[in-house]
Amino acid sequence: MKIGIASRTGQQSMDARASHQTVVELQGAGVRREGRWLVRGVDLVVRRGEIVTLIGPNGSGKSTTAKLVTGVLRPDAGQVDRLPGLTVGYVPQQLFIDWTLPLSVRRLLTLTGNHPAAAVDVALAAVGIAHLAGASVQQLSGGEFQRALLARAMIRRPDLLVLDEPVQGVDFSGEVALYELIKQVRDETGCAVLLISHDLHVVMAETDTVVCLNGHVCCRGTPELVARSPEYLQLFGARAAATLAIYQHHHDHTHLPDGQVRAADGRLDLADAHQHEGHAHG
Amino acid sequence: MDLGRWCPLPELWTVAPMLDDFFIRALVAGIGVALIAGPLGCFVVWRRMAYFGDTMAHSALLGVALSFLLEINLSVGVFLVAALVSLALLLLQRRNQLSADALLGILSHSTLAIGLVLVTFMTWVRIDLMGFLFGDILAVTVTDIVLIYGGGAVILALLVWLWRPLLAATVNAELAEAEGLRPEAAKVILMLLLASVIAIAMKLVGVLLITSLLIIPAATARRLSATPEQMAVIAALAGVLAVCGGLFGSLQYDTPSGPSIVVAALVLFLLAMAAPLYRLRPRRREPV
Numbered sequence: 001m002k003i004g005i006a007s008r009t010g011q012q013s014m015d016a017r018a019s020h021q022t023v024v025e026l027q028g029a030g031v032r033r034e035g036r037w038l039v040r041g042v043d044l045v046v047r048r049g050e051i052v053t054l055i056g057p058n059g060s061g062k063s064t065t066a067k068l069v070t071g072v073l074r075p076d077a078g079q080v081d082r083l084p085g086l087t088v089g090y091v092p093q094q095l096f097i098d099w100t101l102p103l104s105v106r107r108l109l110t111l112t113g114n115h116p117a118a119a120v121d122v123a124l125a126a127v128g129i130a131h132l133a134g135a136s137v138q139q140l141s142g143g144e145f146q147r148a149l150l151a152r153a154m155i156r157r158p159d160l161l162v163l164d165e166p167v168q169g170v171d172f173s174g175e176v177a178l179y180e181l182i183k184q185v186r187d188e189t190g191c192a193v194l195l196i197s198h199d200l201h202v203v204m205a206e207t208d209t210v211v212c213l214n215g216h217v218c219c220r221g222t223p224e225l226v227a228r229s230p231e232y233l234q235l236f237g238a239r240a241a242a243t244l245a246i247y248q249h250h251h252d253h254t255h256l257p258d259g260q261v262r263a264a265d266g267r268l269d270l271a272d273a274h275q276h277e278g279h280a281h282g
Numbered sequence: 001m002d003l004g005r006w007c008p009l010p011e012l013w014t015v016a017p018m019l020d021d022f023f024i025r026a027l028v029a030g031i032g033v034a035l036i037a038g039p040l041g042c043f044v045v046w047r048r049m050a051y052f053g054d055t056m057a058h059s060a061l062l063g064v065a066l067s068f069l070l071e072i073n074l075s076v077g078v079f080l081v082a083a084l085v086s087l088a089l090l091l092l093q094r095r096n097q098l099s100a101d102a103l104l105g106i107l108s109h110s111t112l113a114i115g116l117v118l119v120t121f122m123t124w125v126r127i128d129l130m131g132f133l134f135g136d137i138l139a140v141t142v143t144d145i146v147l148i149y150g151g152g153a154v155i156l157a158l159l160v161w162l163w164r165p166l167l168a169a170t171v172n173a174e175l176a177e178a179e180g181l182r183p184e185a186a187k188v189i190l191m192l193l194l195a196s197v198i199a200i201a202m203k204l205v206g207v208l209l210i211t212s213l214l215i216i217p218a219a220t221a222r223r224l225s226a227t228p229e230q231m232a233v234i235a236a237l238a239g240v241l242a243v244c245g246g247l248f249g250s251l252q253y254d255t256p257s258g259p260s261i262v263v264a265a266l267v268l269f270l271l272a273m274a275a276p277l278y279r280l281r282p283r284r285r286e287p288v
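Chains A and F, in that order, give the protein sequences.
Going by the numbering used here, the first sequence opens with residue 1, and the numbers climb by one from there.
Going by the numbering used here, the second sequence opens with residue 1, and the numbers climb by one from there.
Be aware that a few hints might be false.
[What the hints assert, rightly or not] SDA-like, lysine to any residue: derived pairs with alpha carbons at most 25 Å apart:
no., chain 1, residue 1, chain 2, residue 2
1, A, Lys67, F, Arg95
2, A, Lys67, F, Glu174
3, F, Lys187, A, Leu73
4, A, Lys67, A, Val45
5, F, Lys187, A, Leu111
6, F, Lys187, A, Leu95
7, F, Lys187, A, Ile97
8, F, Lys187, F, Gly152
9, A, Lys67, F, Leu91
10, F, Lys187, A, Thr110
11, F, Lys187, F, Ile106
12, A, Lys67, F, Gly180
[Claimed, not checked] To list a few chain F residues with every Cβ distance to chain A over 12 Å, as calculated:
no., residue
13, Leu70
14, Phe134
15, Val240
[Claimed, not checked] For each label pair, taking beta carbons as the anchor points, the in silico distance ranges come out as:
no., chain 1, residue 1, chain 2, residue 2, range
16, F, Gly105, A, Pro84, 40 to 50 Å
17, A, Gln139, F, Arg48, 16 to 26 Å
18, F, Asn73, A, Thr87, 39 to 49 Å
19, A, Gly221, F, Gln93, 51 to 61 Å
In case anyone wonders, no lab produced these hints; they're calculated from the structure.
Treat the numbers as computed from the prediction; the structure is a model and nothing was measured.
Beta carbons: idealized from backbone N, C-alpha and C, even for Gly.
Work the whole structure out from these sequences, hints included.
Below, the structure is given as C-alpha cells:
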C-alpha cells in the first residue's frame, strides 16, 4: 500500500473522477452575525477530484465559508446545495491535545467512526507513518501530527476533504511533502478537496481554483491567474504577490518520515532506507 | 423514609435489612457515586473543567437552601440549581465580556454565599451545615441509594451512548462539528450529567469536596492508562478504592466521611505517581 499509491492511482483516479460531480455549491451565500456580514455573496462550486483553495487575510471569512460548505453553518442569504449524505473528512488547524488524554495515533483514527484495524494500518501507511501507530499523539512532531490528522480524515473515505491551514507549524520540506500527500489522496480517492490557507507564499500548483476572499469573493481562478489579478495585488500588496511562489514538483525524490526515500515514480529506495537505520534517524 | 414498604422491587426486600446499617448504606452509596464520578471526571480533567465543576458543586448549597424553602426533594433542588448555574455560565461566556475564569469565580462564591445566608435566615429548619459542606454518611438513606444506582445507571448509559461525540468534541470541537457530530449539544449534556452527579454525591462527600471525587481518581488513572476508555474504567475503580478506604478510615478514626474519602483518593494518586508512567512508545516498523 505504501508503495502502491503513486503507481496505482492513474487508473483508479480516472474512473473516480470521471464524473466531476458537484459535491457542494454555494450561490450568493452569506452569513450575518450581530448585524454584520461575515461573508456575503459567495459563489463557489466544489467538484469531485478538484482542489479548491480559499485564501484571504485574517477575518476575511475563510472559516465561515468553509463552515457553509461543511454544513455547520446555514446561510442567512443565498443558497447552499450539498450532495445528500455527504461524508466530510476534516483536518483542523492547530490542534492541541491535552496531555491528560491518553490517545494513540491508532485511536485517533477511530475518533469519529469505527474502522477495522487493517484499514487503520493502510491509512497510516498511506501517509507514511505506519511506524507511529502505537505512539501517543502528544509525542508527534508537527509534520507527523498533520499526517496523522490527514490519515484520520482519509480513513472516512470522504466525498469532501476539508483542510484548515494543513501546513501550519510544518517546515518547508514537510510542507512540500504534505501538499504532495494531499494531491495523492485526491488522485486516489477522487474526493473533492477544500483547502483553507492564509499562507500566500505557497499555493498548491494542483489547485484547480483559488478563491480569494475578503468578506466577499475578490477574485478567483487558477493560481497563476489570481497571482496576477489586480484585485489580488490590491488586497495583499505587490510585495506579497512578488513572493507568492506557486509550488511545482521539480524534485525527483521524497524523504518519508521513517527514513525511506521514495523516488518520483513511487518506488522506494530500500538500500537507502537501510543505510539510514544506523544513525540519526533511529 | 422506609422504602421497603412501597418499593415494588423484590430484590430490595432482601437487601433492605442489611441496608439498615448506616455504614453499609454509606459504603453502597459511595461505591455507586465513585463508579459514576470516575468516567465523568475524566472529561472534567481532559476538558480542563476542574474549576467549572467546583463552581457547580458550590452552587449545590444554594440548591439545598432553596429545596428547604420550596419544600422540594433535596437532590432535585440541587440538580436544578447546578444545571441552571452551568447554563447561565454558557450563556454569559457567549457574551465575551468577562473571562470564563472571572465568571467562574463570581458564580462559584456568590452561589455558595447566597446559600449560606439563606440557610441562616431559615430559622424554622435545622440544617446540619457541616454535613452539607463536608459530607455526612449518617444522612445517606435507602432512597439515596436507589437514586444513586437508578440515576447512575442512566448517567452511565448516556455517557456510553454519547462517548464518541463527547470524546471527538474534547479533542477538537470544529472537527466533530464538520464531521456531523454535535459538540455544543454534547457539551450541554455533559454539564447536565455533572449536575446530576453533584446532586447525588453531595450527601456523601459534601459540596466543598465533590470535585475531588471527579478529578483525583481520573488523575490517578491517567498514569496507568493507554486509551481514553481504559482511563475511564480505571478512574471508576480508583474511586471505589478511595471510597472504601476513606469510609473504613472514617469509621476507625471517627473522622468526617468526605475528607476521609478525599485523603484516601490522594494517597492512591500519590501511589500512582510513584509507579512508572505507562508510556506509549512509537513502534518502528522495519522496511521489508
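So, going through the hints one by one against the coordinates:
1. A:Lys67 to F:Arg95: Distance ~21 Å between Lys67 of chain A and Arg95 of chain F Cα, so the pair holds.
2. A:Lys67 to F:Glu174: holds (9 Å)
3. F:Lys187 to A:Leu73: holds (18 Å)
4. A:Lys67 to A:Val45: Holds, because 14 Å separates the two Cα atoms, which is no more than 25 Å.
5. F:Lys187 to A:Leu111: It holds: about 17 Å lies between the C-alpha atoms, which stays within 25 Å.
6. F:Lys187 to A:Leu95: Holds. Lys187 of chain F to Leu95 of chain A sits at ~19 Å (cutoff 25 Å).
7. F:Lys187 to A:Ile97: Cα-Cα ~17 Å, so holds.
8. F:Lys187 to F:Gly152: It holds: about 19 Å lies between the C-alpha atoms, which stays within 25 Å.
9. A:Lys67 to F:Leu91: holds (22 Å)
10. F:Lys187 to A:Thr110: Measuring from Cα to Cα gives roughly 20 Å; hence the hint holds.
11. F:Lys187 to F:Ile106: holds (21 Å)
12. A:Lys67 to F:Gly180: holds (11 Å)
13. Leu70: holds (38 Å)
14. Phe134: The assertion about Phe134 of chain F holds, with a minimum of 27 Å to chain A.
15. Val240: Since the minimum Cβ distance to chain A is about 20 Å, Val240 of chain F lies beyond 12 Å and the statement holds.
16. F:Gly105 to A:Pro84: 40 to 50 Å: holds (48 Å)
17. A:Gln139 to F:Arg48: 16 to 26 Å: holds (20 Å)
18. F:Asn73 to A:Thr87: 39 to 49 Å: Given a distance of about 46 Å, which is inside 39 to 49 Å, the answer is holds.
19. A:Gly221 to F:Gln93: 51 to 61 Å: Violated, since Gly221 of chain A and Gln93 of chain F (Cβ atoms, about 41 Å apart) do not stay within the stated range.
The structure does not agree with numbered hint 19 stated previously, though it agrees with all others.
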